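There are 2 protein chains.
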Amino acid sequence: MIRLANKNILKIRTYKPGKPIEEVKRELRLKDRVIKMASNENTLSPSRRVLGAIKRKLNDLNRYPDGGCFYLKRAVSTMLRLEPENLIFGNGSDEIIILALKAFTKKGDEVIVARPTFLIYEIASLIQDLKVKVVPLKGFRYDLDKMAEKLSEKTKIVFIANPDNPTGSYVTGKELDCFMKKVGKDTIVFLDEAYYEFAKNMKNYPKSIKYLKAKNVIITRTFSKIYALAGLRVGYGVARKELISAMNKVREPFNVNSLAQAAAVEAVNDNKFVSKTLKLTATGKQYLYKNLESLGYDCVKSATNFILVNLKRNSKLIYRKLLKKGIIVREMSQWGLKGFIRVTIGTMSENKRFIKALKEV
Amino acid sequence: MIRLANKNILKIRTYKPGKPIEEVKRELRLKDRVIKMASNENTLSPSRRVLGAIKRKLNDLNRYPDGGCFYLKRAVSTMLRLEPENLIFGNGSDEIIILALKAFTKKGDEVIVARPTFLIYEIASLIQDLKVKVVPLKGFRYDLDKMAEKLSEKTKIVFIANPDNPTGSYVTGKELDCFMKKVGKDTIVFLDEAYYEFAKNMKNYPKSIKYLKAKNVIITRTFSKIYALAGLRVGYGVARKELISAMNKVREPFNVNSLAQAAAVEAVNDNKFVSKTLKLTATGKQYLYKNLESLGYDCVKSATNFILVNLKRNSKLIYRKLLKKGIIVREMSQWGLKGFIRVTIGTMSENKRFIKALKEV
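Residue numbers (our numbering), protein chains in the order written: chain D, -14 to 346; chain Z, -14 to 346.
Check each hint, because a few of them may be wrong.
Since the list gives no way to pick out one identical chain from another, each pair is judged satisfied if it fits inside one copy or across any two copies.
Derived lysine-lysine pairs resembling BS3-like cross-links, with alpha carbons at most 25 Å apart [to be verified]:
id, residue 1, residue 2
1, 309, 10
2, 91, 139
3, -8, 139
4, 118, 131
5, 226, 198
6, 264, 188
7, 92, 139
8, -8, 116
9, 323, 306
10, -4, 91
11, 42, 4
12, 226, 4
13, 226, -4
14, 40, 4
15, 10, 40
16, 261, 188
17, 323, 297
18, 185, 286
19, 92, 118
20, 226, -8
21, 226, 1
22, 200, -8
Treat the hints as calculated values from the structure; they're not laboratory data.
All values reported here derive from a predicted model rather than from experimental measurement.
All chains, please: the whole structure from these sequences, using the hints.
This is the structure we're talking about:
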């Protein structure tokens, strides 16, 4: 075998996504409707308005996308009251993680991550041959005090998922203010706000954009969750112009496809769809909390569209039994959370089917 | 400013794509139809059959794509008579370049590239802080003998665009056989066959798949050209399983969007569309050769859907004048080819409008 870029690569346990519906149907030969509550997707299909914008672009697919995302940059910068130059778009917001690592880190640099949290921070950092300092969660929440203790001159990036995945918890504005004061000028704080729209009205959820001017902060958000466009791959990073400009240097020229751009431009103005999703999520969350707790399971309080549930027993077995009934949830061993599953809030009928099945298995 | 991963990054001249039609309309306030002959795109929109496959997937866009590209892998491996494990899909075939660099190279390694050729090989290698050895073309063709002379123990990847962009020339099977014999076991030959389908019936065009077993070869092909799906971003790499497996380790889990996968599965079986494109290209090429030569311009003979034209004078001025007439071609200074433009073969009416405009300016 040819030599690899670094020895980490062979050891890396690649990210295992939630099982796709078609795969489950194929493997288990299920003919009934399979429901997926595994990947924190929006359970609603995109709105007709957004699908209309996609359809209008179909005849242009022979052309390369706009590498500069002109219209999308304009739409999002207007929404955020920032300049277009404060934005960079990616093939999903996970690409922004890769671009930040690529632009700002080199072998020997350190990054700080929590555990458990979104796995890509650690995997992507190991691929880049960086030293990863890990800080365990405390009571299912980011422990920013301990993370601050790990800061050193070698720390290049600190990854903070806010709200966190898979716990659904969030750090408050006060906690983040306090942490930011301890961060030096050579360190980037990477705030992954993939679930921002679900969390922004939670008590004391931070207004992170205020950090942009004084600090090296990269905030990411995505069209995969609230906007129901996970399949199209589009997310973005917000930062000072100099940071954005460096990430643009290492970006592939046509990283965001044309349909994603067209859909996202329409989606940011589709307030009706956003409200509908938020309402559905809030109602579903209360229903699931109530029913899961009455079954004796502990739920971590969530600022997102999913719930981490402590089944206190063989979650792998329960996961497989649910799968056979056509319900896909996420079993949490990959995150080191034994006995836990993570369930994405669905439509009310999906939530009910899930609770019913859970009672049976 | 925060320290960058390496000092190359600031110096890199990022890739400048051909101007998008909408940008030209916006900037020059053109109301007439603008035609783009700048980016070697298929001038035809995707077929109804392919657009149908896309439409059938629209309601699932809230779901993440299949990270394993199951159906697309099956379709392409059947077409190529290879195993699905010999394939890796990317967000355009340029992503495969990035994945190969990421999986197999580290600081201090060398790569060999031609000049002028597709610019991304060199840009992406500089971003990775590699040493780039450059071998000039000879008579607008890859000089494989000279490239072989540059091979050393430090050579990790040799990039060969076949056919080449921007010249449209190709290396023959015999030339490639001879080169392969000189390549050591620690070197990867990266054969970029983005224009494969246009070239495969040219005299002595190599059957590159035969090298897979004995050599470290990565072949890339794309859905952006013959299949008219540049806007959706999907391409693939073909290699031995071990090489594919290493690249999969450094790949983002959802790099190819759902619509790209659905469209590509349909496109590989749409022989009618492929034939139509090939016929249009062949007729257009003869028309352009004839008319450009009768105007006194030299054309490099092309195995692709574009032609490199030596205008022998101020190509920047001619480029701008054509632009004002709503015709976008590629001016070649960025490649160091002064006095040259590259023109993509269009429909016959586009070709005629281009020749007419060229006569006028």
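Consistency of the hints with the structure:
Within a single copy, residue 309 and residue 10 get their C-alpha atoms as close as 10 Å, which meets the 25 Å cut-off; across copies the closest is 55 Å, which misses it. In this assembly of identical chains, the alpha carbons of residue 91 and residue 139 lie at most 25 Å apart whether taken from the same copy (11 Å) or from different copies (20 Å). Taking the shortest Cα distances, residue -8 and residue 139 sit within 25 Å of each other both inside one copy (21 Å) and across copies (18 Å). In this assembly of identical chains, residue 118 and residue 131 lie within 25 Å of each other by CA distance solely inside one copy; the values are 11 Å within and 46 Å between copies.
In this assembly of identical chains, the alpha carbons of residue 226 and residue 198 lie at most 25 Å apart only when taken from the same copy (10 Å versus 47 Å across copies). In this assembly of identical chains, residue 264 and residue 188 lie within 25 Å of each other by CA distance solely inside one copy; the values are 17 Å within and 64 Å between copies. In the homo-oligomer, the alpha carbons of residue 92 and residue 139 lie at most 25 Å apart both inside one protomer (11 Å) and across protomers (19 Å), since each shortest distance falls under that limit. Both within a single protomer and between protomers do residue -8 and residue 116 lie at most 25 Å apart by alpha-carbon distance, with minima of 13 Å and 21 Å respectively.
Taking identical chains as interchangeable, the C-alpha atoms of residue 323 and residue 306 lie at most 25 Å apart only when both belong to the same chain, with a minimum of 17 Å there against 67 Å between chains. For the identical chains of this complex, residue -4 and residue 91 are neighbours both inside a copy (19 Å) and across copies (17 Å), given an alpha-carbon limit of 25 Å. Only between protomers do residue 42 and residue 4 lie at most 25 Å apart by alpha-carbon distance; the minimum there is 18 Å, versus 30 Å within a single protomer. For a Cα distance limit of 25 Å, the shortest separation of residue 226 from residue 4 across copies, 23 Å, qualifies, whereas the shortest one inside one copy, 38 Å, does not.
In this assembly of identical chains, the alpha carbons of residue 226 and residue -4 lie at most 25 Å apart only when taken from different copies (17 Å versus 36 Å within one copy). In this assembly of identical chains, residue 40 and residue 4 lie within 25 Å of each other by CA distance solely across copies; the values are 23 Å between and 28 Å within a copy. With identical chains, the CA atoms of residue 10 and residue 40 are at most 25 Å apart between copies only, with a shortest distance of 21 Å across copies and 28 Å within one. For the identical chains of this complex, residue 261 and residue 188 are intra-copy neighbours only, at 21 Å inside a copy versus 60 Å across copies, given an alpha-carbon limit of 25 Å.
In this assembly of identical chains, residue 323 and residue 297 lie within 25 Å of each other by CA distance solely inside one copy; the values are 8 Å within and 71 Å between copies. Proximity of residue 185 to residue 286 under the C-alpha cut-off of 25 Å is restricted to the intra-copy arrangement: shortest distance 15 Å within a copy versus 59 Å between copies. Taking CA atoms no more than 25 Å apart as the test, residue 92 paired with residue 118 passes in both settings, with 14 Å inside one copy and 23 Å between copies. Taking identical chains as interchangeable, the C-alpha atoms of residue 226 and residue -8 lie at most 25 Å apart only when they sit on different chains, with a minimum of 19 Å there against 35 Å within one chain.
With identical chains, the CA atoms of residue 226 and residue 1 are at most 25 Å apart between copies only, with a shortest distance of 20 Å across copies and 34 Å within one. Taking identical chains as interchangeable, the C-alpha atoms of residue 200 and residue -8 lie at most 25 Å apart only when they sit on different chains, with a minimum of 22 Å there against 34 Å within one chain.
When the structure is compared with the earlier hints, no violation turns up for any of them.
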